[in-house]
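A.B. asks: Order-wise, the sequence lines are chains A and B. Under numbering that gives the first Met the number 0, the first residue of the first sequence carries the number 0, and numbering increases by one thereafter. Under numbering that gives the first Met the number 0, the first residue of the second sequence carries the number 0, and numbering increases by one thereafter.
In short, the hints are calculated from the structure, not lab data. Fair warning: there could be bad hints in the mix.
[What the hints assert, rightly or not] Using C-beta positions, here's what the derived DEER-type ranges look like:
id, chain 1, residue 1, chain 2, residue 2, range
1, B, R146, A, G195, 47 to 53 Å
2, A, D14, B, R210, 57 to 63 Å
3, A, E73, B, Q45, 38 to 44 Å
4, B, E111, A, P95, 44 to 50 Å
5, B, T228, A, D14, 40 to 46 Å
6, A, E122, B, T31, 20 to 26 Å
7, A, E73, B, E193, 45 to 51 Å
8, A, D14, B, R130, 32 to 38 Å
9, A, S205, B, R146, 38 to 44 Å
10, A, P168, B, R138, 37 to 43 Å
11, A, S205, B, R130, 30 to 36 Å
12, A, R210, B, T228, 38 to 44 Å
13, B, E111, A, A112, 52 to 58 Å
Just so you know, even glycine gets a beta-carbon here, dropped at the ideal spot from N, CA and C.
Number of protein chains: 2
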Amino acid sequence: MPNETKRRIDRELPDPVICTVDVVLLTLVDDTLQVVLARRSQQPFQGLAALPGGYIHPATDRDARDAAERVLREKTGLRSPYLEQLGVFSGAGRDPRGWSVSVAWYALVPWEALETRWTAHLEIVPAGSVRGLPFDHERIVEEALDRVRSKSSYSSLPVHLCREPFTLPQLQAVYEATLGESINKVSFRRKMEELGFVEPIPGAQSGGAHRPAQLYRLRDEFRRNLSTTDRGINSGG
Amino acid sequence: MPNETKRRIDRELPDPVICTVDVVLLTLVDDTLQVVLARRSQQPFQGLAALPGGYIHPATDRDARDAAERVLREKTGLRSPYLEQLGVFSGAGRDPRGWSVSVAWYALVPWEALETRWTAHLEIVPAGSVRGLPFDHERIVEEALDRVRSKSSYSSLPVHLCREPFTLPQLQAVYEATLGESINKVSFRRKMEELGFVEPIPGAQSGGAHRPAQLYRLRDEFRRNLSTTDRGINSGG
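If we strip away everything but chain A, and leave its shape as in the complex, we get:
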């Protein structure tokens, strides 16, 4: 075959690329962000703890989000936690099987939603001290943490770590754990009002005998969409 013809065919049908999804599943335990890892049941890196991930299945997955939701369901039992695309990690070097594209996602759940589905092949690790992960999973965790912290400073994102119903001080503690800094109580309440993603539950108060507090829940329209503000939640503005 003449070289030029061969090159043209090569360009039309390049070598296949391995397509996977990986999910950085975050939860809050002891006021610390934790990453959920799953022990790999197959090669490569069989037996090692890694981000829950797997091949995209074109025969059954509608799109990459659908693949990520399936992988989470299969590996953690979770159904439709809050899930956002983080970005693509790609190249020849990141997967020993060959040139690969991983569509990475991050998901947030209250610990109570995970606890009831816990199995022996899962583990949690403080997100800031994840070590020894296979592939480029450490870099994916780092980028997810950067994204979650930055987004938490101007949006409703952290509420997805919070079990419902919650009091405003409980929600504030979740924001503080996610942002890694304390927030002024008055300006936090003002921000929550401005963002408008929580609503008081009529007639529901927390059990404290001396100082019962109003209980809140997430408004339905913000279960899959974030509420955002121009100015930082911790800016005091």
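Chain A is already provided as a structure; the job is to place chain B on it using the hints.
C.D. replies: Leaving out everything else, chain B in the frame of chain A:
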């Protein structure tokens, strides 16, 4: 073959996925954001104007960014404009060739950098009125516009649309065109000082005989990284 065995093999080696990159290349003409389209030389949609895009070439591309830069170079002649990942668009329905993953990027260039490389297979269209594009390219353009507008309100992003050297009023006009609103001159200058990504060129002034203005350039460390602020550039804060 027993069904269970077959299923296990299917899970290990799923059908291949088509992997491409697409680039939303934006420039500013007549104070309006424009998208650069390239006439497709191959099927599907041969002859139609579309986002510059193409297969990932595992044999020669280091990663998806490298593929996007190669596609831009091949289709527009541009070398290393400002380029950021937008996200993945995926699924069975978006490409008639089959289940596909497109890693989408957006790039910004001053019109003058494009003009000198212009060829007949390119066209520009006002970004807000892009119609009739193949694949899901209209959705990709919409998401790129949302991202660029939102990021422009708190970062140095729009400077990449601006030919160097520039005066501060020229840079302000580029911000106003990108954000679609006017900005107070005093607070704009304050924001530029806070962001610190431009520097005066010693001894260089624009040619105006009556009111010569200082000329500026982008600092080298911000050619590939954005400078960002917590508070919006147009917030007056």
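A.B. asks: Look at each hint and say if it fits the structure.
C.D. replies: Here is how each hint holds up against the structure:
The beta-carbon spacing between R146/B and G195/A, approximately 24 Å, falls outside the hinted interval of 47 to 53 Å. Checked against the hint of 57 to 63 Å, the C-beta distance between D14/A and R210/B comes to roughly 60 Å, which is consistent with it. A hinted range of 38 to 44 Å holds for the C-beta pair E73/A and Q45/B, which are about 40 Å apart. Here the CB-CB span from E111/B to P95/A is close to 45 Å, well matched to the stated 44 to 50 Å.
Taking 40 to 46 Å as the suggested C-beta distance range, the pair T228/B and D14/A conforms, at roughly 44 Å. Look at E122/A against T31/B: about 53 Å separates their beta carbons, and that is not inside 20 to 26 Å. Here the CB-CB span from E73/A to E193/B is close to 48 Å, well matched to the stated 45 to 51 Å. Range check, D14/A to R130/B: Cβ separation about 35 Å, and the 32 to 38 Å hint holds.
The hinted range of 38 to 44 Å is satisfied by S205/A and R146/B, whose Cβ atoms lie roughly 40 Å apart. For the hinted restraint 37 to 43 Å between P168/A and R138/B, the CB-CB distance of approximately 41 Å keeps it satisfied. Against the hinted window of 30 to 36 Å, the Cβ-Cβ separation of S205/A and R130/B comes to about 54 Å, which falls outside the hint. The beta-carbon spacing between R210/A and T228/B, approximately 39 Å, falls within the hinted interval of 38 to 44 Å.
Between E111/B and A112/A the C-beta distance comes to about 54 Å, which sits within the given range of 52 to 58 Å.
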